[in-house]
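Q: As a plain string of letters, each chain reads:
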Amino acid sequence: MAQIELSTIRKSFDGTDVLKGIDFRIEDGEFISLVGPSGCGKSTLLRIIAGLEPQNSGQVHIDGRPVDGIRPSARNLAMVFQSYALYPHLSTFDNIAVPLRMRRLSAIERLPLLGPLLPGRRAKERTIRADITAIAEQLDIAPLLRRKPGQLSGGQRQRVAVGRAMVREPRAFLFDEPLSNLDAKLRVHMRAELAELHRRLKATFVYVTHDQAEAMTMSSRIAVMMAGELIQVGTPAEIYDDPGDIRVAEFIGSPKINILPGRVRKDGGIDVLGTALRLGCGAAAGDCRVGVRPERIELGAGPFSGSVVHLENLGAEAFVHLAIEGAGARLIARLGDVRQLPAMGRAVTFGFAPDAVRAFDPAGKRIELRVEQAERIREPAHV
Amino acid sequence: MSDGSITIDAAIVPAGTARRSLPAHGSRRTYSAYALVAPAAALMLVMLLGPLAGVIALSFTDYQLGAPHFSWIGLANYQDLFADKVFWTALRNTLTYVVVVVPGAVIAGLAIALLIQSGTSLRSLYRTIYFLPVMATLIAMAVVWEFMLHPQFGLVNGLLRGAGLPAFAWLQDRSTALYALCAIGIWQAVGFNMVLFLAGLVSIPKQLYEAAEIDGASSGWARFRLVTWPMLGPVTTFVVVISGIRSFQVFDTVHVLTKGGPSKSTEVLIHTMYTEGFEFFRSGYAAAITVVFLVFVLALTLIKSRLADRGVHYT
Chain W
1 MAQIELSTIR
11 KSFDGTDVLK
21 GIDFRIEDGE
31 FISLVGPSGC
41 GKSTLLRIIA
51 GLEPQNSGQV
61 HIDGRPVDGI
71 RPSARNLAMV
81 FQSYALYPHL
91 STFDNIAVPL
101 RMRRLSAIER
111 LPLLGPLLPG
121 RRAKERTIRA
131 DITAIAEQLD
141 IAPLLRRKPG
151 QLSGGQRQRV
161 AVGRAMVREP
171 RAFLFDEPLS
181 NLDAKLRVHM
191 RAELAELHRR
201 LKATFVYVTH
211 DQAEAMTMSS
221 RIAVMMAGEL
231 IQVGTPAEIY
241 DDPGDIRVAE
251 FIGSPKINIL
261 PGRVRKDGGI
271 DVLGTALRLG
281 CGAAAGDCRV
291 GVRPERIELG
301 AGPFSGSVVH
311 LENLGAEAFV
321 HLAIEGAGAR
331 LIARLGDVRQ
341 LPAMGRAVTF
351 GFAPDAVRAF
361 DPAGKRIELR
371 VEQAERIREP
381 AHV
Chain D
1 MSDGSITIDA
11 AIVPAGTARR
21 SLPAHGSRRT
31 YSAYALVAPA
41 AALMLVMLLG
51 PLAGVIALSF
61 TDYQLGAPHF
71 SWIGLANYQD
81 LFADKVFWTA
91 LRNTLTYVVV
101 VVPGAVIAGL
111 AIALLIQSGT
121 SLRSLYRTIY
131 FLPVMATLIA
141 MAVVWEFMLH
151 PQFGLVNGLL
161 RGAGLPAFAW
171 LQDRSTALYA
181 LCAIGIWQAV
191 GFNMVLFLAG
201 LVSIPKQLYE
211 AAEIDGASSG
221 WARFRLVTWP
231 MLGPVTTFVV
241 VISGIRSFQV
251 FDTVHVLTKG
261 GPSKSTEVLI
271 HTMYTEGFEF
281 FRSGYAAAIT
291 VVFLVFVLAL
301 TLIKSRLADR
311 GVHYT
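So the sequence lines, in the order shown, correspond to chains W and D.
Note that UniProt numbering has the first sequence beginning at 1, numbered continuously upward.
Note that UniProt numbering has the second sequence beginning at 1, numbered continuously upward.
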């Protein structure tokens, strides 16, 4: 169980800055997801925590002690790799036994022929066997212990990799996109299993993923990274509802948040697509962008109108793609009741509540808004 | 009840499949299959199996190169062979050569490959240097070795004298001649093995080393034992077998440097075969030696395929 603290971590490869000063504190027992698009530096950050990659500057503290320059093997962290990195020549049992044998047996006891003859070896092997059996029961892999990784399915390998990480009771678990090699259905299943495992072990989990759904469903906190910077850290609900940056708003949530072109007027009011919203802000007059989540778009009434260009009916819900005349913008609305699906090509009016609006300045930073009237803006707007 | 259902299933299923299966429809397929295999089979017969059968047949005759007639003499060639002291000397020398050269060339090849792989600069330069002996003509190189090992003005003895050590007449001394040839054999084979090992090393996934590091394998030796050595298993088997077969075939250095001497101390199987077949023209007898040689090579190949079955190959 550990608390991990990162201070001003910088890293560059061949002159390219991959991490630009990351300050971050992971609390004991937390399930934290590092999420961001490919190449944002999240995996590099994880590898720096693990000690597989040295940082150019900054410190990593684990439980208050600096670990810079300490070998990965001495940091007592476990890591689950994207490819699982199981040793293909060893059985499941031996794969899980590796960290225990490395720790409990001396170099001489590990020797191939001589080792098993040494006096203490038998007793140590018995403790190792007991530990592995216990882990195998927990993870439901007991029948697989004699098989080689080549004979296991993706999900089973994943579990063996987790077993190998769990067996030595590390201070923290590091996961590097562990579900990305699984098929969609299994991924959803393993998501629940990993979250369950975290609740049971109460250990610190650091989980790297580019899949915002994984981050949203499992983590206690999400850290969103973009281009080597940590943009926002918060609970999944905070990140979703209260994004501090347009990139966070766009990255989290599926389908993506709708971004519409807007303007901040001199008096602080906001216009979207030529319609004034009953919102005010303290920002300087000029262009801005307005984000509204698909589920907050209300179809059927409101000051805006568009034509239906595409429909995605998922059975329980549907997504309506609208093209807005004159603005060249596209927009997606979620429809909870699929029986009210509009026909393709039809013109539809729509609106949204003022509290559904998240506005961002041209640099992408969030603009604080205040709702001026409780009245809904789907009433005809007075400009 | 369950018995009944089983018999019904058993009665219906085979009947249904049997009607549609093999005879008429199947034989046409068999013909086209044979037709497709025929070119490859014919080539294999003409190029590989035919000559092999010819050699085996020849070993039961008293045929002499250029002779108009020959007759079947059964196992007489083999009787002569097994009664011949020179054959046993040649066999012992060949086996000694194999036992020295194979481990030497494999271990040195692996060590050099590991060193090159762990180095940061000049990798391709080192690779080229160690691969040179493989590309060079061994006959020409053997002449260079002859100069180097010359008792009076050779480089090797010069160095030994410089270091205050006794000098040897390497190729002229019964006790050193075979080992001098072994050294040349290792020198020649190392480069080839190194290239194979390098290819094997490159294909080991990096993440396995990282997993090993995380799992507590902190020393280089522990990582070698846990990852490198087992992952090189398939390559190592291949390298050992190839080195073994090539060592059994040793001929050029012996022919150029010692001609089997002094007093048969470097006589090896292929050299005996050569002298019998092309100097004494006893082709039947030489064929018998070839058959013995083939038995050893076949044994090595069998060991390799057995190891392959036992799971030295993964995935």
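Source of the hints: derived by calculation from the structure; they are not laboratory data.
For glycine and all other residues, C-beta sits at the position ideal for the given N, C-alpha and C.
Incorrect hints may have been included.
To be verified - Pulled from the structure, derived: some chain W residues nowhere near chain D, Cβ distances all over 12 Å: (1) Ser7; (2) Ala78; (3) Asp176.
Claimed, not checked - Covered stretches of chain W (in silico footprint by chain D; criterion: 3 or more residues with CB under 8 Å from a CB of chain D, positions within the stretch not fixed): (4) 249 to 260; (5) 363 to 372.
Said to hold, decoys possible - Below, computed lysine-lysine pairings styled on BS3-like, alpha-carbon distance capped at 25 Å: (6) D/Lys206 - W/Lys148; (7) D/Lys304 - W/Lys148; (8) W/Lys266 - W/Lys20.
Q: Compare the structure with the hints numbered earlier in the document and write down the numbers of the violated ones, lowest to highest.
A: 2, 3, 4, 5, 8
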